[in-house]
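Protein chains in written order, with the UniProt record's numbering: chain P, 1 to 511; chain W, 1 to 511; chain X, 1 to 511; chain D, 1 to 511.
There could be a bad hint or two in this list.
[As the list claims (entries may be wrong)] In the DMTMM-like style, the derived pairs of lysine to aspartate or glutamate whose C-alpha atoms are separated by at most 20 Å in a straight line are:
| id | chain 1 | residue 1 | chain 2 | residue 2 |
| --- | --- | --- | --- | --- |
| 1 | D | 125 | X | 486 |
| 2 | P | 317 | D | 493 |
| 3 | D | 241 | X | 57 |
| 4 | X | 42 | W | 443 |
| 5 | X | 42 | X | 57 |
| 6 | X | 241 | W | 456 |
| 7 | W | 126 | D | 91 |
| 8 | P | 241 | D | 493 |
| 9 | D | 164 | P | 311 |
| 10 | P | 241 | D | 108 |
| 11 | P | 317 | D | 29 |
| 12 | P | 125 | X | 54 |
| 13 | X | 241 | W | 318 |
| 14 | W | 126 | P | 486 |
| 15 | D | 67 | D | 90 |
Derived from the structure by calculation, the hints contain no laboratory data.
4 protein chains.
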Amino acid sequence: MSPKLTGADVAQHSSADSCWVIVHGRAYDVTEFLPEHPGGSKIILKYAGKDATEEFDPIHPRDTLDKYLDRSKHLGEVDMQTVKVEAKDEDPEEAARLERIERMPPLEQCYNLMDFEAVARNVMKKTAWAYYSSGADDEITMRENHSAFHKVWFRPRVLVDVEKVDMSTTMLGTKVDIPFYVTATALGKLGHAEGEVCLTKGARKHNVIQMIPTLASCSFDEIMDAAEPGQVQWLQLYVNKNREITKKIVEHAEARGCKGLFITVDAPQLGRREKDMRSKFSDTGSNVQAQSGDNVDRSQGAARAISSFIDPGLSWKDIPWFLSITKMPIILKGVQRVEDVLRAIEVGVHGVVLSNHGGRQLDTARSGIEVLAEVMPVLRQQGLETAIEIYIDGGVRRATDILKALCLGAKGVGIGRPFLFAMSAYGLAGVDRAMALLKEEMEMNMRLIGAASIADLNPGLVDARGLMGGHVQTVPVDTLGLSAYDALSGPREQARHAAAEKGGMGPKAKL
Amino acid sequence: MSPKLTGADVAQHSSADSCWVIVHGRAYDVTEFLPEHPGGSKIILKYAGKDATEEFDPIHPRDTLDKYLDRSKHLGEVDMQTVKVEAKDEDPEEAARLERIERMPPLEQCYNLMDFEAVARNVMKKTAWAYYSSGADDEITMRENHSAFHKVWFRPRVLVDVEKVDMSTTMLGTKVDIPFYVTATALGKLGHAEGEVCLTKGARKHNVIQMIPTLASCSFDEIMDAAEPGQVQWLQLYVNKNREITKKIVEHAEARGCKGLFITVDAPQLGRREKDMRSKFSDTGSNVQAQSGDNVDRSQGAARAISSFIDPGLSWKDIPWFLSITKMPIILKGVQRVEDVLRAIEVGVHGVVLSNHGGRQLDTARSGIEVLAEVMPVLRQQGLETAIEIYIDGGVRRATDILKALCLGAKGVGIGRPFLFAMSAYGLAGVDRAMALLKEEMEMNMRLIGAASIADLNPGLVDARGLMGGHVQTVPVDTLGLSAYDALSGPREQARHAAAEKGGMGPKAKL
Amino acid sequence: MSPKLTGADVAQHSSADSCWVIVHGRAYDVTEFLPEHPGGSKIILKYAGKDATEEFDPIHPRDTLDKYLDRSKHLGEVDMQTVKVEAKDEDPEEAARLERIERMPPLEQCYNLMDFEAVARNVMKKTAWAYYSSGADDEITMRENHSAFHKVWFRPRVLVDVEKVDMSTTMLGTKVDIPFYVTATALGKLGHAEGEVCLTKGARKHNVIQMIPTLASCSFDEIMDAAEPGQVQWLQLYVNKNREITKKIVEHAEARGCKGLFITVDAPQLGRREKDMRSKFSDTGSNVQAQSGDNVDRSQGAARAISSFIDPGLSWKDIPWFLSITKMPIILKGVQRVEDVLRAIEVGVHGVVLSNHGGRQLDTARSGIEVLAEVMPVLRQQGLETAIEIYIDGGVRRATDILKALCLGAKGVGIGRPFLFAMSAYGLAGVDRAMALLKEEMEMNMRLIGAASIADLNPGLVDARGLMGGHVQTVPVDTLGLSAYDALSGPREQARHAAAEKGGMGPKAKL
Amino acid sequence: MSPKLTGADVAQHSSADSCWVIVHGRAYDVTEFLPEHPGGSKIILKYAGKDATEEFDPIHPRDTLDKYLDRSKHLGEVDMQTVKVEAKDEDPEEAARLERIERMPPLEQCYNLMDFEAVARNVMKKTAWAYYSSGADDEITMRENHSAFHKVWFRPRVLVDVEKVDMSTTMLGTKVDIPFYVTATALGKLGHAEGEVCLTKGARKHNVIQMIPTLASCSFDEIMDAAEPGQVQWLQLYVNKNREITKKIVEHAEARGCKGLFITVDAPQLGRREKDMRSKFSDTGSNVQAQSGDNVDRSQGAARAISSFIDPGLSWKDIPWFLSITKMPIILKGVQRVEDVLRAIEVGVHGVVLSNHGGRQLDTARSGIEVLAEVMPVLRQQGLETAIEIYIDGGVRRATDILKALCLGAKGVGIGRPFLFAMSAYGLAGVDRAMALLKEEMEMNMRLIGAASIADLNPGLVDARGLMGGHVQTVPVDTLGLSAYDALSGPREQARHAAAEKGGMGPKAKL
């Protein structure tokens with residue numbers, strides 16, 4: 001066994017000419033890798049000769065260096081006692097955040113999925129929050145995703161026996177407790193040290209399916225390993241320009257027991273998310289963005305950095321090949337118009353997810369629930385409503401949202417950010433409670449609309465006309481008129497002495 | 001006569017093993033009752049060995065202990081002089097509330113029903129306010145209930161002789177002064193010491209009907225007893241899993257002279273009201289929530305606590321039985337779709353209330369006025385518009401709201417919270433004024449739409465197209481664009497000296 | 001000539017048993033009149049034995065005492081030197097108002113009609129502002145009146161020769177410079193000492209017609225006298241229960257040269273205006289409200305006080321009688337549905353004003369412009385579009401509003417409050433500028449829509465579909481979701497030193 | 001060579017009787033020109049006998065004095081050393097602005113076109129900002145222009161090969177990199193010393209066309225001279241009452257190589273822009289507004305001042321003459337209804353711009369994108385969709401806006417203010433970045449809607465129903481109801497000590 005390297009040894013290689021970095025106690029020579037780094041060389045050079053673990057971890061699965069860096073560049077263990085720990089600058093924003101964490105609300109005070117988001121916003125690192133919470137352009141689609149559910153209202157049946165409510169269903173043949181799955185979201189370790197594995201455990205506890213993201217912080221195998229026997233997982237796939245790599249991923253997933261392949265079709269290029277870009281600006285340290293070397297704009301955000309391998313040339317022609325390399329059911333994730341659903345049926349895939357990628361790709365793309373309302377009547381008209389499984393994701397926050405989607409014809413819904421926020425704020429306990437709250441809401445709401453089982457859900461239970469009339473934007477506000485208007489106000493409190501003179505009345509007398 | 005118990009006697013029984021409590025000067029052994037308490041044992045144990053009267057009162061009718069606790073557990077009178085009075089913690093919120101009560105606006109400053117709500121919000125106990133004012137989930141339906149009336153506009157007739165306006169009508173055969181009734185709302189003593197009896201008196205004064213709630217703070221008989229001879233009352237019924245209990249209640253009500261049986265059909269389970277749940281969190285004392293013993297989440301709110309007896313299995317099959325056990329007219333309260341109105345006619349009941357339970361049950365359920373606009377054209381088309389009496393409730397705040405409902409075909413409307421708020425703030429005087437204001441508005445507005453009597457109201461007097469187009473949600477706001485916009489502002493005041501130089505003009509000259 | 005009375009003489013009669021008051025230097029014995037006073041006796045008794053001029057003036061035309069108080073009760077002149085001047089209480093609100101008047105914006109800073117309202121709100125007496133600015137109930141119709149114009153958009157023609165623009169038209173045969181008239185509004189002296197006469201002068205200057213209100217602060221003859229030769233005025237009529245009085249008024253108006261009789265048909269009872277009522281509460285002094293003696297609620301506002309004579313029994317049957325007693329054209333003011341326009345044509349009147357009385361009567365009554373859009377297609381279909389002159393009023397603030405009304409078929413529009421506000425803030429100069437601004441806007445906008453004359457206006461120049469779909473109310477706001485949302489923000493300013501290090505750029509370099 | 005004049009020489013001519021001014025170091029006798037000055041004589045007299053360069057520059061092209069002032073009045077050079085420099089008053093607003101400039105955000109922090117506007121608002125001179133940012137009346141149309149794009153949503157195609165995206169197209173035969181052009185906007189030097197020439201350079205860099213404004217601060221030739229060989233420019237034309245002047249301008253433009261003549265047809269009179277007028281009020285110095293001599297209202301704003309030559313008589317009859325005097329393609333700029341597009345085709349022009357002049361002319365005129373949605377279906381129905389090139393402008397801020405216009409049938413879009421704001425804040429670098437951002441957005445968004453080239457864009461890619469239903473204005477807000485409502489709030493933070501007792505959880509544990 002060779003002797004350990006010292007901090008001083010590594011520190012000598014601190015330039016683009018010779019660049020060593022330490023990750024998890026081991027040194028690596030990344031000099032030749034610098035120009036290939038998807039996040040740009042600058043971000044690596046910031047850590048040249050130093051320990052980069054903290055920066056490396058949330059963005060790279062554990063096996064990244066093994067997979068992508070030639071063994072000859074693995075320089076072996078470092079005696080971490082000899083590595084100088086750099087003093088960090090005082091950051092008043094970070095200090096304030098740590099204070100907020102001290103005071104964060106107890107978990108039991110979260111009564112719905114929005115509550116986790118409110119807490120997460122206060123306690124997450126700024127850049128992590130920006131990455132998770134951001135959407136494309138003006139974030140209109142991102143917000144529309146949830147608000148679109150408010151265009152659908154219930155027409156409940158009364159006097160139905162709902163003593164026993166069964167909210168279980170099947171998705172791609174798997175029996176689940178409730179019709180949602182944990183959809184794929186990237187970089188889970190930004191929010192919580194455990195990363196996606198935390199979601200695996202939550203999904204197990206509530207018997208729902210987890211979709212494993214291509215861009216996970218944990219490696220695929222770590223996430224599979226975290227599952228208990230019999231627990232079902234799916235794989236979300238960004239298709240690599242190099243189809244051999246893709247093929248290996250797919251075959252490996254199938255071999256490991258994955259039960260569904262969700263090919264993302266709405267991301268030939270990952271979106272511009274300005275909130276993310278802005279948060280990166282003053283923080284070259286977390287600057288993982290560039291697509292082409294050192295001179296790129298230093299503010300592209302995490303999304304662009306990690307996605308350069310995705311093939312923008314992916315097209316319908318590729319689908320038969322996918323069908324040929326796996327027996328897993330194939331689902332197209334990100335379909336957004338009825339024409340493409342019909343084509344998906346024709347081409348023989350097993351499902352589609354009507355999705356706009358959480359509002360992170362194309363702004364003013366329509367919500368999944370709206371596309372669903374466009375798709376299902378056409379399918380029914382053509383007798384195709386069972387030809388394929390239809391899922392939606394985006395904006396699901398309440399069990400009522402799930403019910404609306406199912407009434408309109410979805411097989412299930414994907415939920416992403418809410419579980420990330422629950423995890424970021426409270427870890428597994430947060431994920432567990434978030435799912436438990438959904439079940440509690442679901443049971444109650446099925447009772448209240450008069451449905452004892454998923455099979456009872458149907459379009460007659462909702463009024464979805466609000467989705468039919470196009471997107472409403474009101475006339476810009478009449479500033480002058482409004483500010484001249486003297487709004488009505490309620491009764492005024494009395495001055496104290498006046499009240500005293502009058503003597504007690506009403507509630508006062510009651511005390 | 002046995003000697004009185006002392007405080008010390010009772011204080012010895014302060015655990016789950018032996019639990020005595022004092023209520024209204026009498027001791028009770030509730031040890032065996034602990035596991036059966038609908039509100040959970042924890043809340044009782046907090047008062048084990050102590051006086052629980054203050055906590056007991058608003059939630060339990062007087063006769064509760066007589067009815068549900070075996071005589072053998074009634075331990076007799078306690079010498080209250082010997083009972084230690086516990087010092088209460090100082091509570092700055094409560095102190096601020098008491099100060100607000102000192103300054104509360106005089107009753108005559110309330111000019112409409114919203115005014116009572118504004119005052120009540122300031123002067124009610126936090127938990128009582130939370131129980132009354134809360135709705136399901138995001139409280140969207142709760143607010144929609146009133147705002148839906150703003151989708152209906154008037155088409156008044158002019159040049160009609162309206163010197164004499166008669167706003168009286170009949171409901172289930174009873175002549176009333178104005179077409180509203182006091183609908184059933186639970187736990188009246190949370191707002192006012194007198195509870196539902198206060199509403200009885202108000203209803204009498206204005207000759208309108210009171211619907212007595214199953215979950216009243218006062219007992220059914222107390223409320224009946226408070227009525228004057230000839231005063232008509234109805235009973236709202238939550239159907240018990242044990243039909244024998246239900247039968248007794250119905251027969252008793254009929255025997256006592258109740259003139260209508262309103263069976264609640266929209267509450268197989270009482271709703272989650274997060275505002276209520278949140279208000280309970282820090283207050284185990286008022287924690288009356290659990291459904292199954294001690295380990296329940298301590299924040300379910302009052303509603304869940306008191307409703308475990310309700311039968312979620314109630315269905316259309318049960319209706320003939322109800323028709324068989326009483327001669328009172330039967331009305332289904334909480335119908336929400338035209339299909340169920342047609343079925344109600346078929347099954348032979350005498351009326352329906354189109355209601356979403358004040359927005360407390362299913363969020364994004366439609367408002368009563370909207371369902372009415374769906375129902376009546378179908379009934380008219382089928383010649384059934386007089387086959388049944390149709391009522392609505394939810395969101396009625398103005399006489400114009402009542403008029404809109406009647407124009408669209410309702411026989412009358414139920415009003416709940418506004419009278420609770422008036423009562424909570426000002427007692428009977430508040431209820432009286434609230435009703436008087438409605439009458440004043442009603443008379444004026446009937447004149448203004450050109451209707452001299454209720455019979456003159458018809459659909460041609462309103463434009464209800466706003467209810468027909470589905471639920472409108474606008475495009476999420478363009479944050480960046482709006483914040484960059486430099487809004488117009490009006491004329492600017494002059495600096496003082498500039499004005500002085502110019503000399504007086506306009507109003508100044510007039511002084 | 002009898003010697004003058006002294007202050008001491010009058011002061012002896014300061015009770016309900018013997019009540020004298022001084023008005024404009026003369027004493028009156030109003031003891032017997034007390035129970036008949038429409039505003040209640042209380043308000044008079046406050047001035048018993050004292051000088052009531054200041055309170056009397058804005059509410060009563062000069063000739064009131066001559067007309068309604070028997071000559072025997074006119075006690076003659078008072079030596080005002082001998083009348084004690086009462087010290088007024090310091091009123092901080094009033095002091096603040098006087099300060100605001102010192103700083104009020106110069107007139108030239110008012111660029112539109114809203115600007116006058118903004119200034120008036122700051123400088124008018126609270127009760128006067130409340131009387132002018134208030135509307136019925138929630139003031140929804142009052143605001144809808146203007147905002148409804150924003151539902152109508154232009155479809156301008158280009159490349160039309162608009163060098164010369166002629167905006168003159170005729171109304172009931174009178175040629176006017178621009179198609180608006182000054183509509184009738186009550187109690188002009190509340191806003192300005194000169195009262196309605198100020199509007200007479202403004203109307204003259206701009207050659208538009210003034211409609212004289214029944215409830216003017218100036219007497220009818222004062223207003224007629226203020227007109228210059230050839231200046232046209234109309235009369236707005238509230239019909240008295242005593243038709244003889246009404247007949248006298250009509251005949252007198254015709255004799256004096258009035259050119260149009262506008263019978264108000266939307267006010268069988270004057271509306272409840274809560275802002276007005278609330279402002280009166282603490283001010284018994286200006287308490288002119290009661291309908292039946294002393295014990296009335298002391299907060300009914302000015303409107304109710306002055307209107308008890310109005311006949312709520314007025315009906316279509318009365319119209320032939322009006323046609324028989326005058327040769328003036330008769331116009332029904334306040335028609336609100338197409339059916340009543342058709343009936344007006346049938347009954348033979350000469351015009352209608354589609355109006356909701358400035359939103360002061362029935363809340364959620366439709367705007368004039370909306371009713372117009374309902375009426376005209378029906379008239380055109382029946383070939384009746386020229387059978388009658390159609391006017392609208394309510395919410396007109398911009399020349400574009402006038403143009404929209406005329407495009408849709410109105411002959412002209414009435415404007416009320418804006419001139420009151422201009423007058424209240426700046427007197428005649430304000431009224432003059434307000435009208436001049438409208439003319440300036442009108443000329444420009446006729447050019448911009450490609451209309452060289454009023455005859456060029458037609459429905460094809462507007463897109464009025466926004467008026468056709470009913471009244472839109474959006475789904476209640478998703479409070480939790482919105483507050484959890486982290487809105488986008490623009491670029492952040494740099495800390496000062498950072499900018500300094502970087503050196504100048506952009507605009508900085510330019511300085 | 002004559003000796004230079006001195007400051008004292010000039011200072012002697014400081015009245016209306018003899019008025020000399022210095023501009024760029026040369027003296028001019030403008031005494032006789034005073035009454036003809038479009039901006040009124042007052043503004044010149046303010047500088048009588050003084051140096052007027054600073055005021056003169058942004059509003060007048062360099063060659064103005066040569067063109068419009070007789071040679072005999074050019075008095076020759078002034079020795080500027082002898083001219084007294086006037087101390088300026090301290091202006092706290094201006095001082096604050098200069099401070100804001102010190103701290104202005106670095107250019108790279110601008111991620112979209114709205115960001116430039118936000119910065120410009122902070123750093124531009126108040127009057128310049130007011131001139132650029134203002135719109136007609138209530139600025140409703142100005143804001144609608146952008147918000148109308150939010151009524152159009154995408155229906156993207158997935159699984160299209162978008163590896164290579166070609167966003168180039170042709171406009172009037174010229175190949176451009178991206179389908180927008182820099183539309184004409186007046187007075188470029190108000191925002192930046194270099195004026196329109198700055199835009200010329202930006203347009204060159206990104207290979208897009210610049211439209212040269214009639215009312216440029218730079219002279220036409222300066223702007224043409226600034227172009228590089230082969231760079232294409234168009235001319236925007238306000239037609240002069242004197243057609244000979246117009247003819248000369250057109251012929252000169254053609255001779256200099258202009259490739260398109262855009263005749264403005266929506267401005268027979270330049271609009272009232274109240275924000276501009278208000279900003280001028282206290283600043284007679286920049287008071288360039290009057291149309292007829294000295295006594296005009298001193299607050300008409302820049303627009304009215306510079307536009308008195310425009311011919312309001314321009315009509316369809318004139319178009320053949322234009323076609324006869326030039327071979328440049330003629331485009332009508334400002335068409336607003338389908339009827340006029342059809343007429344444009346009939347009359348033989350080559351294109352139209354559907355535009356409302358940036359919301360600066362007629363308020364509540366419809367947006368270009370809405371008119372486009374009206375026009376194209378009619379053209380397609382009549383087989384005329386290629387008969388003419390259709391452009392739109394107004395409100396374009398995002399590449400998605402451009403894509404929506406092109407999907408609906410536009411050949412390209414004009415962008416004005418955003419480049420002015422970018423230039424005003426950051427000069428050429430700002431313009432460059434603004435255009436680069438649009439290209440970056442455009443490439444991404446074409447990928448995301450599944451269009452590899454401009455030819456792939458078609459109406460099926462958008463859902464434009466939101467443009468079809470008329471203009472939506474919601475019911476005025478229910479003030480009392482809203483203020484009584486107690487909105488939901490999220491989980492509350494704990495007091496510090498409570499949290500400390502509980503010990504760490506969630507994120508805290510992670511630290």
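For each hint, the structure was consulted:
no.	hint	result
1	125/D to 486/X	violated (31 Å)
2	317/P to 493/D	violated (54 Å)
3	241/D to 57/X	violated (57 Å)
4	42/X to 443/W	violated (26 Å)
5	42/X to 57/X	holds (17 Å)
6	241/X to 456/W	violated (24 Å)
7	126/W to 91/D	violated (52 Å)
8	241/P to 493/D	violated (48 Å)
9	164/D to 311/P	holds (11 Å)
10	241/P to 108/D	violated (31 Å)
11	317/P to 29/D	violated (77 Å)
12	125/P to 54/X	violated (67 Å)
13	241/X to 318/W	violated (59 Å)
14	126/W to 486/P	violated (31 Å)
15	67/D to 90/D	violated (36 Å)
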